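Sequence lines, in order, name chains A, B, C and D. Following the numbering used here from start to finish, the first sequence increments by one per residue and tops out at 391. Following the numbering used here from start to finish, the second sequence increments by one per residue and tops out at 501. Following the numbering used here from start to finish, the third sequence increments by one per residue and tops out at 1134. Following the numbering used here from start to finish, the fourth sequence increments by one per residue and tops out at 374.
Derived from the structure by calculation, the hints contain no laboratory data. Computed from a predicted structure; not experimentally measured. Worth double-checking, as some hints may not be accurate.
[Claimed, not checked] Each computed EDC-like pair below joins lysine to aspartate or glutamate, with the alpha-carbon atoms no more than 20 angstroms apart:
{"id": "1", "chain 1": "B", "residue 1": "Lys466", "chain 2": "A", "residue 2": "Glu373"}
{"id": "2", "chain 1": "B", "residue 1": "Lys262", "chain 2": "A", "residue 2": "Asp287"}
{"id": "3", "chain 1": "D", "residue 1": "Lys155", "chain 2": "B", "residue 2": "Asp137"}
{"id": "4", "chain 1": "A", "residue 1": "Lys157", "chain 2": "B", "residue 2": "Asp52"}
[Said to hold, decoys possible] One-sided and incomplete, this derived list gives chain D residues near chain B with beta-carbon spacing under 10 angstroms:
{"id": "5", "residue": "Lys191"}
{"id": "6", "residue": "Gln232"}
{"id": "7", "residue": "Ile233"}
{"id": "8", "residue": "Ala253"}
Where is the CB? At the ideal position from N, CA and C, for every residue including glycine.
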Amino acid sequence: MTTHKKLDRSGALSWVDHNRIYLIFVVALLVMTAFAPKFFNVFNLTTISKTAAMNACVAIGFTIVMICGHLDLSIGTVITLAGVVGLGLKKYVGYEISVPLALCSGALVGLVNGLLVTKVKISSFIVTLGTMTILQGLIYQITGGNSIALSTPDAFSVADFLGHRLIPLVTPRVLITLVLVLLFQFLLSSTRWGRNFYMVGGNKSTAWLGGIEADRQIVVAFVLSGLLAATGGVFFAMESSAATRNMGDNSLMYVLSATIIGGTAMSGGKGGVFRSFVAILALEIIYDGIILFGLGNEVKIFLAGFILAVVVLYEAYASYRHDRVVGQRSELLAELSAAGRGNRSTDAASSRG
Amino acid sequence: MSHVGKKFPGTIAVDDVSFEVYAGEVHALVGENGAGKSTLMKMLAGSFDDYTGRILINGKEVALHSPTVAKKYGIGMIYQELSLAKPISIAENLLVGRLPKKGPFLDRKRIDSETRSWLSRVGLDLDPNLPIEDISPHEAQLVEIAKVLANKPCILVMDEPTSALSREEVDRLFEIIGQLKNQGLAIVYISHHLPEIFAIADRITVMRDGKKVATKDKAEMTREEVVQMMVGHSEREFYHGQPRASGGERLRVEALTRKGFFHDVCFAARAGEILGICGLAGAGRTELARVLVGLDRKDSGKVFLDGREASPRNMAAALRLGIAYLSEDRKSEGLALRLSIKENVLAGLIPMHSKAGVYLPEAGSAVLESLMRELSIYPRDPSRTVGNLSGGNQQKVLLAKWMACGPKVLILDEPTRGVDIGAKMIIHAQIERLANEGHTIILISSDLPELVGLSDRVMIMRKGHFIREMAKEDCTEESVLIAANTDVARPAQEVAHG
Amino acid sequence: MKKAASIVAFVAMAGICACGAFGQALSAQQKANLEASLKVDTSVLKSADNQSLIVLSSQKKVIPARPADPDALAETDPLHWYDMEYAGWNAKKVNIPQSPADGAIGKKIILIVHGDHPWTTACTLGAMKVAQACSIKLKVLSPNWDLAVQNQMIDQAINEKPDAICLIPLDAKAAVQQARKINDAGIPLFLFNTLTQADAMNYCVAWTGPDDFGQQRKLARVWADEMQKRNPGAKELDVAYVQHAPGGSPYFARCWGPMSELSGYAKTVKTVAKEAPGFDADKATQVVSDWLTRFGPGLKGIFAADDSAQAIGIFEAFKKAGRTDIVVCAAGNSKQGMDLVKEGKLFAITYQTAEGDGALTIKTAADWFNGKAIEPVRYLPQKIITKANVDSFYPPQW
Amino acid sequence: MADQAIAKADARSTAQGRFIHFVNVIGIYFAALLFVLLGFALQAAGVITNFASAQNFLNIVDNVAMLGIVAVGMSFVTYSGSMADMSVPTTMALSGIVAVQFLKVGFWPAIAAAFAVGLVIGLVNAVVVGRFKANPIIWTLAINYVCMGIIRVVWVNKQIYPDMIASTKDVSQAFDAIYRLEVVKGLGGNPLASLRLPLVMMVAIVIIGQIVLSRTSFGAQLKLTGSARKAAKFTGVNVELITGAAFIVAAITATLGGLTVTSLSRVGAYYNGAGYDFRAVTAIVIGGMSLSGGRGSIIGVLGGVLIIGLINNIMTLIGIPTLSQDMIRGAIFITVVGINAKSLRSLGRDDA
């Protein structure tokens, strides 16, 4: 039988560690509710959920790629590309066709990324950095540096529909995101197909030996990343009734930070879509609170960096500690504490004597 | 189930080998490193899609071009290197690729119960949801075995399954193998460890240089014959066992403790002595070595080198003091596989070959040349990438690195694990030579003939304590083994006094 | 927590009801407020460069008739840019709220800018000066150049139900939906600084800001005159444009504005290149160096969309190539630009008052609260800064 | 012996090993030469003019000098196996703005302050990535954010001007000269062709960097660390220190870059240096340095930097809009890396 100490296998600390992101979320919510002016009301909370919707959607695919142990730097430009395609083609073919086309363009970018990563075997950091650059040029080429806006009544009615409140906190666009988050969370946690992403990220050769087509799984992850980034982008653009040339530029760093804070490891095999979603909500709550406090972006940027830094530092420190104690034998520790007790009792005895 | 045969004309790793294994037998596959055993078996497991020749299962030809296909035909393989995904749970590792489903979704309950039952089969009682990174290496090895068993293979290939296991666990494994055999499985067992082979094999196939030498029933063979077939000469004749004239005390360890790993370890080693440390897996041997060279921090106790206290803060400091450590994991901890022989051998000498920060690798040319000659590192070209060398030569490069440093105390942790016998003999000769030259060698080894054959004294470690010291005269493989397996409730000091 | 929130909500509701009770007719209190508000004199305010903070453009903009399809015209035709240049003048205003005409004092305005930048800081400062003078409560939000965040801030601003919202849209086109949203909420909207797509103008009370096109056209004439003066009798004057970052009106106004103006005014001027290297001095240096290589001595003029980093980069490139003959004009009013003008390197720049920009929108809102008639577009004054008058614009605003 | 079989395979792989070396170092200059030839061809075809002139080549190197300085420093990080230092942009901005602030005291105090700031950032990265093994990309990204927040909080979104802060005119002129100083005037009789300080600094840094990497014990230990961190640790290399030192080198060159870019734009502001992270990574990777560490050379990185300069130059000479240039740049980037990866993979080393 095994005699090793069960490391961090139970106890409050481990629970806290595992549910870190939910705690951050709850604490952020409580603090802002208590202190931020006009924070806790339906209007403001709806604003938060609306703002979070695009990045939350983008984060789904990004998280899946990261679970596979890769990185997709192209999501920001895919968001823009999808917006540009979706809105730019609307006047020719209508949303019924232009939106699917926009989604396809995202998926196509993902496919190219995935194939370059798996077939040509270039690091995903480099591949997606390259596609990011290419897409920047391509978007300029398409738009001529101009944004695309639709001011026809039907476009406005779509925009108004996507932005109107169905029930408190939920607009149709938020609903789409929510459904996607829950769907992918479920697929990832409860289907074999979903678990395979984790296996591929955890150890590619284990996956391969276990009969999982690792390369195909990675390509699928990149396609999903492109597809979901496009989804987030095109619906956002539709609600704004405009696709600007740089609407996705801020998303990359945001989604990346949120995913890490949510507990998805860059080394792969760990994390979850729902966690990233909660992380985005938590960040959004904090940012919203900062605005309500009347503080500037400098605070927001500093805080964003600070939270990310603390999380990264904590994780690094945790694994540093883990390395130090892994393999400790419980019976030796027991012996030590027994000896300690023994010493204390003898000390006590001698002092009494 | 019968008859697996294949031909590989022209391939270097495995050359035109025919091999068969019958249902209900344990077929041992032995040979030096690089003999092609592992490659042969990986073909069977579907790791290559470009093999030549034919593979037949149950008399039908099959094309095993991927692990999925191999698995479908009931081939299960336990790999030498762990093939588990560290951040993933035990359950998912165990049931990889075939997680039970209820409709389109996973059946959590069945995953849990199935995992638990397979774990208990190999004697583990762990929470199936724990990630592999939270369990210890030998637990992981057992999970690996459970994983393959869970696939209910009809052909089971085991490549060095016992290297990380303790005695009890090995016994348990053999018990399982016996059961499987009775259930009609065909088992291929690859090992360097001849006693194990003779304990469980029905037939033995010996390979050399990618070719098959012979296949015989166990009864028709003796250990010596097997060794001879593997290398062409007997293993026994190697250990000279000449007593050495050792010098004064060089290293003294007093009540050294690292909490939870080893407690109150005391010993002393003289110059020119080979001190063997014996113990089962997890006895704390490697951990002790790591503390001595400053890789880990001690919690209490003292270490003296030549009478002066020596507690290096890191490996560099240890090297300056003259303590070197050859780690057991040559691939990740020992060698920079992407660099050349020269860069590896001279790696430890960078500070010494530098003047005012300028590194002069030419300063090491002579040392390099002579070491490569003495250790017969092949190929003799120092610009070769180490990753392309055979295991034996890699190990020689690793030893050369430490010999180049000329440490006062050299700690060798499993210096010949996974090394072919030719290289092993060279390494042993060099170890003895180093001792004769006055270096203190601390030899940590699970290879009992090696340990007993080389050591002047053997210290027995068990569960984090030093329990016994045995002089050369008292050491036999059996006595050491018995000592290492005996539970002693008393602390180490009393043993030392007794 | 929830209790506190509900109390806040209750108080707010009570306030709204109380206001509603007064109905349409102005109370005595409101009248007093209006009178006090009308007495506020904002003309004494000064910006950091010792200019009057609020000066309305004295020249009346001439609004030509809209061509049937401006896009069908050539890019060098001034009327091609009709919808952008004259945005707001022909707006068909939709549901613009009625002014309460009860005085600006005590009103609450939320000012949403486009992002943090020293320019924005100066602009905000100008707005604050006016707000203070008029006793307007001003809240400033900055979305850090992120459209999603700007949309969020608009939602938040709507939730806060201020008396007016002033907005610099991040994007000319995305502004339409933003303006609609604010308009739908019944909050008066004052757009400023960047020109938006014409449709957005339908939903705002007024647009204020620089007449970017008009200003650049004016600068272009000065530029062309100087080039002709330096190259008497030249048949062809090759020029190049260093463009603004794409996306906003300056990208068009500061390149095609002068280009289309000169197509009529100075036919010898010929555009040979245009690039948008962003606002990095080193990238501008690279682009201009390569132009000098490419066009050699034929290149007679460069028009830059930015007088700071881009202008510095341009003159670094000139220095490397030993060129001093090229006439450079730039849009903007930065310290670096003014220094270059003073040194005699940069020939002319436009006066762009950042503080005045912010001030004008608040002033316009205040006028509206005071019940004054508001024209749909209010321009900042157009001034050209050359070596002759540069000293009067020091110290720079940012 | 099985060794003989391996030896055969090995002999083949040594030849390929030389090929790799060729691809990595010589190859990059070969590629650069191809671009030069492309330029000549385009000129011969009349598409572009004046490409083949000394002045143009001087322009090309002049224009990538700052990138070169930053990229060489960051390549130490890449070489050490820590991929990239994403905190470079704000290191540049922060050191620049601090320098401008300290011009109040004097020129040298300003320089010292800038380096102090750079060193602090480098040190923080060194400790966290070196000692605690945090993921380098994520950590440096976080630090990038934090520093950006610091600049914004301290200077409240303002930018500051050297000549307004400097104690005397000399001080501000000295600061101005960081970018503009002509170290060698009138090169080859041409009064215009002169070597400016940034270019001289880049050349010096490349030479120093190459020597450090290939000839010093630090370089040797860095190579060992980058190739096999654990093995290096078990060989007595203080990998924490070595990795940390790489980050400090990157921070120092970023500070130099920051000073230069601030001197050029004559303003201390948070946006100075934006984009230099990805630009430097691009140059490093095109230059044949492997992101997994331990492979490549500074000379190669210089080649990468020069290729970027050449591409920019040729495209602007043709008249391709800057933003469309991105497409071509991205495509060239992926192609170069793809070729590199493929040539490595033919040896079973898919770690590019």
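Per-residue hint verdict: alanine 253 of chain D, partner chain B, C-beta under 10 angstroms
holds, 5 angstroms
Return the status of the interface hint for glutamine 232 of chain D: holds when the least beta-carbon distance to chain B is below 10 angstroms, violated otherwise.
violated, 13 angstroms
Hint consistency between lysine 262 of chain B and aspartate 287 of chain A [alpha-carbon to alpha-carbon, up to 20 angstroms]:
Violated. Lysine 262 of chain B to aspartate 287 of chain A sits at ~51 angstroms, over the 20 angstroms cutoff.
Straight-line Cα separation of lysine 155 of chain D and aspartate 137 of chain B no greater than 20 angstroms?
holds, 19 angstroms
Does the alpha-carbon distance linking lysine 466 of chain B and glutamate 373 of chain A stay inside the 20 angstroms limit?
holds, 11 angstroms
Interface hint compliance - isoleucine 233 of chain D to chain B, C-beta minimum distance less than 10 angstroms
holds, 9 angstroms
Hint check, lysine 191 of chain D versus chain B [nearest Cβ-Cβ separation less than 10 angstroms]:
Violated: closest Cβ of chain B sits about 41 angstroms from lysine 191 of chain D, beyond 10 angstroms.
What's the verdict on lysine 157 of chain A and aspartate 52 of chain B, does the C-alpha distance respect the 20 angstroms limit or exceed it?
holds, 16 angstroms
Hint compliance for this structure: hints 2, 5 and 6 are broken, all remaining hints hold.
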